[in-house]
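Use these hints to put chain F onto chain L, whose structure you have.
2 protein chains.
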Amino acid sequence: MIKHLEELRTDSVSNFRGGKGEIQMTHFLETEKDEFKGKGRLFAKNVLKPGTSIGLHEHVGDFETYVVLSGEGMVDDNGEQKSVKPGDVIITKNGEKHSIENTGTVDLEVMALILFD
Amino acid sequence: MIKHLEELRTDSVSNFRGGKGEIQMTHFLETEKDEFKGKGRLFAKNVLKPGTSIGLHEHVGDFETYVVLSGEGMVDDNGEQKSVKPGDVIITKNGEKHSIENTGTVDLEVMALILFD
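Keeping their order, the protein sequence lines are chains L and F.
Take the first sequence: its letter number 12 is residue 12 in our numbering, and every next letter is one higher.
Take the second sequence: its letter number 99 is residue 99 in our numbering, and every next letter is one higher.
Note that these hints are calculated values from the structure, not bench results.
Predicted model, so just to flag it, every value in this text is computed and none were measured.
One should not assume that every hint holds.
The list cannot tell twin chains apart, which means a pair is met if one copy fits it or any two copies do.
Said to hold, decoys possible - SDA-like mimics (lysine to any residue), calculated; alpha carbons at most 20 Å apart, straight line:
(1) LYS39 / GLY61
(2) LYS85 / ILE2
(3) LYS39 / LEU69
(4) LYS3 / PRO86
(5) LYS33 / ASP11
(6) LYS97 / ASP77
(7) LYS20 / GLU32
(8) LYS20 / LEU5
(9) LYS39 / ASP62
(10) LYS82 / ALA112
(11) LYS37 / GLY79
(12) LYS49 / GLU32
(13) LYS93 / LEU42
(14) LYS33 / ILE114
(15) LYS82 / PHE116
(16) LYS37 / GLN24
(17) LYS93 / PHE36
Bound conformation, chain L alone:
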């Protein structure tokens, strides 16, 4: 089955997890259509414009993987501040926290995958 880009659900979310500004999330798989087969709850591309962020939050019962596609940013990786660039992978395990902020001048695009632990 093919879902073309224009058919995908894109949400604009303000102050996501207490972050700054508005981010866009484009969803590749949908839990409502059982497209994760119970293994997870998010597979999406997050687009953060310069100055916006996803606030610090804890993962409980699941874990999240970010893959930076473009742009640059600063991550709080369970208490440590780290800069990230395209190709970098951030793994936030069950019980850990993370945040991400676009500290650059172009869009920060991040693939996000949340699977259950």
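Here is chain F on its own, set in the frame of chain L:
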């Protein structure tokens, strides 16, 4: 935990699944390190140079999602030939088959996620 691009495992695979030429696979999560927590077995970026392909193969016991990041290609979507472009999502369910070929002039980059059914 952050894995920087240069620390990721990249495999060059010839005639993958009977396909043409050599493709590159960069792995974001590793089964050997239990990074999928038993929910899947592949989360990677596949890079197909022009003219190369991943051959037609069936998924048994799992399902795969491709997200086209860049380039263009032709997909066999369980028997139907369909062209794909960036942002398109190809879902191949348990028991279905797919292949993908770079029919364009630039690299075809595809995010691939295999979860268990």
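Evaluated hints:
Taking the closest pair of Cα atoms, LYS39 and GLY61 come within 20 Å of each other both inside a single copy (12 Å) and across two copies (13 Å). In this assembly of identical chains, LYS85 and ILE2 lie within 20 Å of each other by CA distance solely across copies; the values are 11 Å between and 30 Å within a copy. In this assembly of identical chains, the alpha carbons of LYS39 and LEU69 never lie at most 20 Å apart, being 24 Å within a copy and 23 Å across copies at closest. Taking the shortest Cα distances, LYS3 and PRO86 sit within 20 Å of each other only across copies (11 Å), while inside one copy they are farther apart (25 Å).
In this assembly of identical chains, LYS33 and ASP11 lie within 20 Å of each other by CA distance solely inside one copy; the values are 17 Å within and 33 Å between copies. Taking CA atoms no more than 20 Å apart as the test, LYS97 paired with ASP77 passes inside one copy only; the shortest distance there is 7 Å, against 38 Å between copies. In this assembly of identical chains, the alpha carbons of LYS20 and GLU32 never lie at most 20 Å apart, being 28 Å within a copy and 37 Å across copies at closest. Taking the closest pair of Cα atoms, LYS20 and LEU5 never come within 20 Å of each other, the shortest separation being 26 Å inside a single copy and 27 Å across copies.
For the identical chains of this complex, LYS39 and ASP62 are neighbours both inside a copy (10 Å) and across copies (11 Å), given an alpha-carbon limit of 20 Å. Proximity of LYS82 to ALA112 under the C-alpha cut-off of 20 Å is restricted to the intra-copy arrangement: shortest distance 18 Å within a copy versus 26 Å between copies. Taking the shortest Cα distances, LYS37 and GLY79 never come within 20 Å of each other, neither inside one copy (32 Å) nor across copies (23 Å). Taking identical chains as interchangeable, the C-alpha atoms of LYS49 and GLU32 are never at most 20 Å apart, the minima being 28 Å within one chain and 35 Å between chains.
Taking identical chains as interchangeable, the C-alpha atoms of LYS93 and LEU42 lie at most 20 Å apart whether they share a chain (15 Å) or sit on different chains (17 Å). Proximity of LYS33 and ILE114 under a CA criterion of 20 Å is satisfied in both settings, with 16 Å inside one chain copy and 17 Å between copies. With identical chains, the CA atoms of LYS82 and PHE116 are never at most 20 Å apart, being 25 Å at best within one copy and 32 Å at best between copies. Taking identical chains as interchangeable, the C-alpha atoms of LYS37 and GLN24 are never at most 20 Å apart, the minima being 25 Å within one chain and 28 Å between chains.
In this homomeric assembly, LYS93 and PHE36 come within 20 Å of each other (Cα to Cα) both inside a single copy, at 19 Å, and across copies, at 11 Å.
In this structure, the hints that do not hold are numbers 3, 7, 8, 11, 12, 15, 16, in rising order.
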